[in-house]
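Visitor: Chains U and R, in that order, give the protein sequences. First residue of the first sequence: 1, per our numbering; consecutive thereafter. First residue of the second sequence: 1001, per our numbering; consecutive thereafter.
What the hints contain is simulated information worked out from the structure, not anything from laboratory work. Mixed in with the good hints there might be a few duds.
Among the chain R residues that face chain U by a calculated CB cut under 7 Å, a handful are [stated by the list, open to error]: (1) E1005; (2) I1006; (3) I1018; (4) T1121; (5) S1269; (6) L1298; (7) Q1300; (8) N1302.
Virtual Cβ for every residue (Gly too), placed ideally from N, Cα, C.
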Amino acid sequence: MKLFCKLLDNAKFRRVFFDKGKSYTNHYFENAISELSTRFGKQLHRIAYNILENQLDAEECTNDTYLALWNAIPPVSPDPLAPYVYRTGRNTALKRLHRDTAKKRDSRYDVSLEELNGCLPGEDVEQIIDARELGRTMDRFLESKSRESRYIFIRRYWFGDPVGEIAKELKMNENAVSVRLNRIRNSMKDYLMKEGYRYEA
Amino acid sequence: MKHEEILTALEEISDKHIKEAEKPPKKRAFLKMAVAASLVIAIGTNILSAPMRITAYAVAVASDPRIMERPDLDDYKDREEWNADLTVWETERESRNETAAQATSGLSSFFKDGNSQFLLTETNENKLWSPVNAYIGLAMAAELTEGETRQQLLDLFGVENTDALRKQVSAVWESVYQDNSKEICVLANSLWLESGLQYDQEAMDAIAYHYYASVFQGDLGSNKINKDIAAWINNNTGKFLKDSTKSIELTPETIMALYSTLYFQAKWSDEFSASKDTEGMFHMQDGVTQAVYMNKKLKQMNYYWGENFSAVNLGLKNGCSMWFVLPDEGMTVNDVLNGGAYMEMILSNEWEDYKYMKVNLSVPKFDVSSTMDLSEGLKNMGATNVFYENVAEFTKLTADSPIYLTGANQSVRVQIDEEGVKAAAYIEIPGAGSAAPPEEVIDFVLDRPFLFVITNDNIPLFAGCVNNPKN
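Bound conformation, chain R alone:
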């Protein structure tokens, strides 16, 4: 670039940063970000055990995050010592990111197939799921199983054995997790066992360590435990799913319930201005509805295209991004999902069909939620045994009784507005193509059903099909 242009760019450095640079720092600031979703898995048995009135207590406590905290200069007297620790911290972070990148490549077909299984729809219903949330919950289930049941789940995640799975989960968990006073991306897991269930303490400790899960035991199906679970989810999802958690009611047949939460909240890197909002029609699969559109005129950005779709990608301040995938005129979201190429665009860094250009962007504000049973889709993807009585091998959990998964319900809510994105998911498994754009400026108007995917690097945190922005 010419020096004049660099100087023009430097003129945009904000006042607060210039003022801050008047004096050398004493304190460091942190990034901003927060994320949330929740996954619940519960396992039931056909044998009714007599409920025992035992208050839930911690069988094992979730491990503290094994993420080295960035060394704070203020905690050091000697700068060289701080520098040495900083180097260790940077090396550890690089290694974690590398492991996470490898883990993602094994998971890409799970994420892609999942989208096709869970987002297809012929109605005006919104379909949402949290791939990473479902993954972590099911990985915990895999840890508790043996034999073919476990093998099917390992195959689903593209890993060879539980050691590899543990490394994969830790890498994904640690690369997504952030929690400081300003930015939060909190993943939390918990396992709830029926009182009286004889469990393998070693397996519970492994769950607590490798999956960062807490294990509780109590009278599943009782009001007290239902409330305990709802409170645990609300606590870990910033109460964003409180409408869904009201209805948590485990049946007395349930002998184990597994909950995993992920809470997400982030601001757009470049926020929309509420003063530019417009009202307009949104053309659903069946009928029309009124929507409020957030607009950006002549915004310079990458515009992507593929067979049957075009897409843009909006950055979030926490380093995550949100993809909007719009089917071409005459095509449907289902056509795009069946084609599958859009996931390649999102998960790989080698997509060539894009152009940096001016885009007139119109995105409807939405606050959508959905609850669905993932079990049929998971069976179609190859994880069958875990759902069948007398076939599922939950022998790592307990030798007490033949148990199996009776469902896998996931609740997800995603909200976007001028400032940013807020999302949470909650899953329960109860037991018992286009051509290149011809113009220099293109209108990208999401006024008909579209797909979105929120990603952290290449890990999809949430994916959804918005058929009606008014939910």
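Excised from the complex, chain U in its bound form:
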């Protein structure tokens, strides 16, 4: 509980979440949702919409995320909190997307994944890729890039933001962001090759 006090720096949030064990009432639940919504609602909705491409679905998904967080915290005490909230939101949206087979293909999010796939190594009989290991290597690569490059990469491929949205946030034009993304992907491919991943000639 103390940890969350520090993490959130928000007494109200702390009270509504951590007192729930003592007094699990509708009042507390509503307060919790309200706090979550104020703090993370916009980003969670954006993640859900990026993946599901439907306002109604995105709203439902965001509400599901609040519930999932309510159920998980505590006993889970994530530090820092924000990434945990976004991961939960993203996983909730992805589950929903996979459940709905009609939306499984060619969604906007799939397009961004396919874009990323272009710079990732392929699997064959001689190369079995451990996706988690690959992810950690990608994370190390990102560590070596500028903050702006990381922002562009993570917003595009982790949050699933459209290029136009990223450009707007950075006050750049769309083409400049696309060029930057292309450079980052090429640079990541070089990095992965250096790390021992092989690509088809």
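On the provided structure of chain U, position chain R as indicated by the hints.
Guide: Relative to the frame of chain U, chain R by itself:
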């Protein structure tokens, strides 16, 4: 890859990067890295000049790095202007990397022959040298010579003339050099002249510009200058060589001393966990000793092999890497060095004998150092004149007296642990095969003498033969 797998990979993006992406950036971060080594060259004469009590002063000051700093968005009001400068910066960096790659191809035989000359040993002694450190120091010596003396050094580095040498040194220096608050790979050079020595100012300015060297003049051999030099080396090597610099004592006959430093410190891309360390025996050429091994189980990596050896390559966060080359059972480090194929594996990108597989890796922690005179080896490699009295032509330095190199001592120290590598080198030239791995999982245990090479792209920064991890 399947989308599910990509999503799994993306799950590994760290919390801090996700949190950071909540808001658009205002500041950019830099890479992490640091490197260190030191090279010292001193030139002596058979003519004793009366020492003059002159405090060392700067004859010429090392040029600032001619490496364009990455444009920082925060310094710009107009994003388009920043974009334009960024493009210039990227073009300049690409061109530098290309020049460095060409330079390396000319230097590959120097690096390879050097390893064979300097790392061979029949004892439990550790042998280490810094190829790039020796190269830069000797290149400065070449700049100060003329005639056949210079030609031999140019041949050693695979260049035709001093113009080409200057370009080569600048390219290597600039491609290795990094210095910002988080990562440092610092090369520094200095030239110390005996007080009263008549020097050619133009040559000194050229040294300062092309070799990034500072030139000082003072009473060489005096306690004050000895301390000045030690302080200069310590300053440029993060005091990592302070045990070696304590003994710096130029003789009064020395009329010039040349020091070049390179300091290296980097973290493993994938650190070892101290909780997995084990103790075990290390089988030296003669006898055994206890060592602490850092371990990784079932680590997926490229496993390389060649005639008489196998090897792995561990990445460092600064983009450099460290190769570990282990002779096959029954073979020795000397067999591998004499074979030479391992350097081809390290310096070329076309080595075909490797496999991406699971490796159980055990690397002994070590903190090893060595000091050796490179002059005999350099003579064997063809640079003879520079070491002989009345033959060496240091006429670009001074017409004062016949001078020559009386030695080329290099001190190197390399330390590795769970977090990463730290290394420094210091040179002083005082004047006066296997089959493909059959298993899917292989044990790579460095429990007998082995070779290592730390490289920045294809430039070997440090190379060594560890015969005893306890030094």
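Visitor: Compare the structure with each hint and give your call.
Guide: We went through each hint and held it up to the structure:
Because the beta carbon of E1005 (chain R) sits about 4 Å from the nearest beta carbon in chain U, less than 7 Å, this interface hint is met. Using the Cβ-Cβ criterion of 7 Å, the hint placing I1006 (chain R) at the interface with chain U is satisfied: the shortest such distance is roughly 5 Å. For I1018 (chain R), the interface hint holds, since its Cβ comes within 7 Å of a Cβ in chain U; the closest pair sits about 4 Å apart. Evaluation of the T1121 (chain R) hint against chain U yields a violated restraint, the C-beta minimum of about 31 Å exceeding 7 Å.
The closest approach between the C-beta of S1269 (chain R) and any C-beta of chain U is roughly 5 Å, which is under the 7 Å cut-off, so the hint is satisfied. About 10 Å separates the beta-carbon of L1298 (chain R) from the nearest beta-carbon of chain U, more than 7 Å, and the hint is not met. The closest approach between the C-beta of Q1300 (chain R) and any C-beta of chain U is roughly 6 Å, which is under the 7 Å cut-off, so the hint is satisfied. Look at N1302 (chain R): its Cβ gets to within about 4 Å of chain U, closer than 7 Å, so that hint holds up.
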